[in-house]
Amino acid sequence: MNPPTPELIPTACGPTLARIQSVLDGATLPDKIAADPHLTACESCRGRARATRTLLAALPALDEPDTLPIGLTGAILAEVKSDRRARIRRRAVALVGSLAAAVAIVVWAATRSAGRPSPDSSPEIVSPRPDHIPALASTSAPTPGSRPIRIGDELARAGGAIRESSRELTDPAGAASQVFATLPSSFFLKPTPPPTPTEPVARSLAEISEVAKTGLEPVTGSAQKAFARFLRDVEAMQPGKPKS
Amino acid sequence: MTDAVIVRRCLAGDPGATRELVERFQKDVYGLCVRLLGHHQDAEDVTQEVFLRVFRSLGRWDATRPLRPWVLGIAVNRCRTCAGRRSRGPELADYLHEAPDRRPGDDSAELTHEIRAAVDGLRDDYRTVFVLFHERGQSYDEIAEVIGRPVGTVKTWLHRARLELLDHLRSRGLVAEEEAKEFKV
Ligand SMILES: [Zn+2]
Chain A
1 MNPPTPELIP TACGPTLARI QSVLDGATLP DKIAADPHLT ACESCRGRAR
51 ATRTLLAALP ALDEPDTLPI GLTGAILAEV KSDRRARIRR RAVALVGSLA
101 AAVAIVVWAA TRSAGRPSPD SSPEIVSPRP DHIPALASTS APTPGSRPIR
151 IGDELARAGG AIRESSRELT DPAGAASQVF ATLPSSFFLK PTPPPTPTEP
201 VARSLAEISE VAKTGLEPVT GSAQKAFARF LRDVEAMQPG KPKS
Chain B
1 MTDAVIVRRC LAGDPGATRE LVERFQKDVY GLCVRLLGHH QDAEDVTQEV
51 FLRVFRSLGR WDATRPLRPW VLGIAVNRCR TCAGRRSRGP ELADYLHEAP
101 DRRPGDDSAE LTHEIRAAVD GLRDDYRTVF VLFHERGQSY DEIAEVIGRP
151 VGTVKTWLHR ARLELLDHLR SRGLVAEEEA KEFKV
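Taken in order, these protein sequences are the chains called A and B. Taking my numbering, the leading residue of the first sequence gets 1, the next gets one more, and so forth. Taking my numbering, the leading residue of the second sequence gets 1, the next gets one more, and so forth.
Incorrect hints may have been included.
[What the hints assert, rightly or not] Pulled a few chain A residues facing chain B out of the computed Cβ check, cut under 7 Å:
#, residue
1, Glu43
2, Gly47
3, Arg48
4, Arg50
5, Ala61
6, Leu62
7, Ile70
8, Gly74
9, Ile76
10, Glu79
11, Asp83
[Unchecked claim] Partial list, computed: chain B residues near chain A (C-beta under 10 Å):
#, residue
12, Ile6
13, Arg9
14, Gly13
15, Glu44
16, Glu49
17, Val50
18, Arg56
19, Trp70
20, Arg116
21, Glu135
[Claimed, not checked] Each computed EDC-like pair below joins lysine to aspartate or glutamate, with the alpha-carbon atoms no more than 20 Å apart:
#, chain 1, residue 1, chain 2, residue 2
22, A, Lys32, A, Glu43
23, A, Lys81, B, Asp45
24, A, Lys81, B, Glu23
25, B, Lys27, A, Glu43
Source of the hints: derived by calculation from the structure; they are not laboratory data. In this text, all values refer to a predicted model and were calculated from it rather than measured experimentally. Backbone N, C-alpha and C fix where the C-beta goes; we use that ideal spot for every residue, glycine too.
With these hints in hand, go ahead and build the complete structure from the sequences.
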């Protein structure tokens, strides 16, 4: 919206036009225009000076206060009130929708986890196992391209979405996230004691020195198995050392 | 009640403050809409839209700036949108129809009508600054706030608007000789 090129006005008219503008601004008395000697020489400015007088006479009628339509205030207030309610309702619907979506995700994830064969009684029922534990890897390794479902992650994501969608409704959103914070624990199985080492593993452990044993004291279960196999493999790969 | 206090109370959902804000600005908003749209029913509808916008975006108002120009700025924008939507400018018939106290032969009413028609013929931004200054009594600084332009631009547009009007009055012969005598020219 750039102004168009203004009509070319002779430089000599400049001071007179500035005075006319100042009169219309209310900063200069109209008599000052009449005293301008340029008006006797310039017909355009003389005409503008006369039109200024006309405009000054008409301006008070232009800013007459408009009568407000009857009931306008009430109509505005009613509209504003109903708009405010509608916005609150929309936010509530969005919040409920987010909650429903989150619950659906949780139920889906829980159903999926329950349908999968459980390899052992380890508490980490959804975590992929390291590949170097053959006995466990064979039963729980994820198929290529699939991503293991982590309920905790899904819940965290759902909780985040809810908080994002309902920033202005902080209290309900806070309450929702608290509810979700308590949910994950109920979906994990309670930790059970680690399985007893199998016979060969127990034998391997018995073979290592007392020093190594103390170093392995906290290592139990599948980690023990892995470590025992590792020690045996290392021993087997040493060329100069006779096998026992 | 200051602007900041009234806004804070409105944001807290105080119905009394909401009413006070509406009553404080509705006359300015409605008057501006009537002049920019040239139609009373449209002006009434747009006035309601303006206040909806005002209350929806009240949280974004900069408390260091005056509230009135901010509200009028929303009104100017809504009028532009409305004018664009209906894609017809204010018509002569609107004024003739909506001025029941205007008597034929009443020179001052004829002149007012002529000037209004000339103002309506100005391009949008010239007309807006002219109406805000001469009809709504806003200062250059306030108009700059309303339209979001520098004061220099406001002055330029208003001066050009006035010059166009003066030349229009001149070309229409609306300059009496006796008025010229008063000017001693
Ligand atoms: Zn001149």
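Structure-based check of all given hints:
no.	hint	verdict
1	Glu43	violated (10 Å)
2	Gly47	holds (4 Å)
3	Arg48	holds (5 Å)
4	Arg50	holds (4 Å)
5	Ala61	holds (4 Å)
6	Leu62	holds (5 Å)
7	Ile70	violated (11 Å)
8	Gly74	violated (10 Å)
9	Ile76	holds (5 Å)
10	Glu79	holds (5 Å)
11	Asp83	holds (5 Å)
12	Ile6	violated (14 Å)
13	Arg9	violated (14 Å)
14	Gly13	holds (8 Å)
15	Glu44	holds (5 Å)
16	Glu49	holds (9 Å)
17	Val50	holds (9 Å)
18	Arg56	holds (7 Å)
19	Trp70	violated (17 Å)
20	Arg116	holds (7 Å)
21	Glu135	holds (5 Å)
22	A:Lys32 <-> A:Glu43	holds (18 Å)
23	A:Lys81 <-> B:Asp45	holds (16 Å)
24	A:Lys81 <-> B:Glu23	holds (15 Å)
25	B:Lys27 <-> A:Glu43	violated (42 Å)
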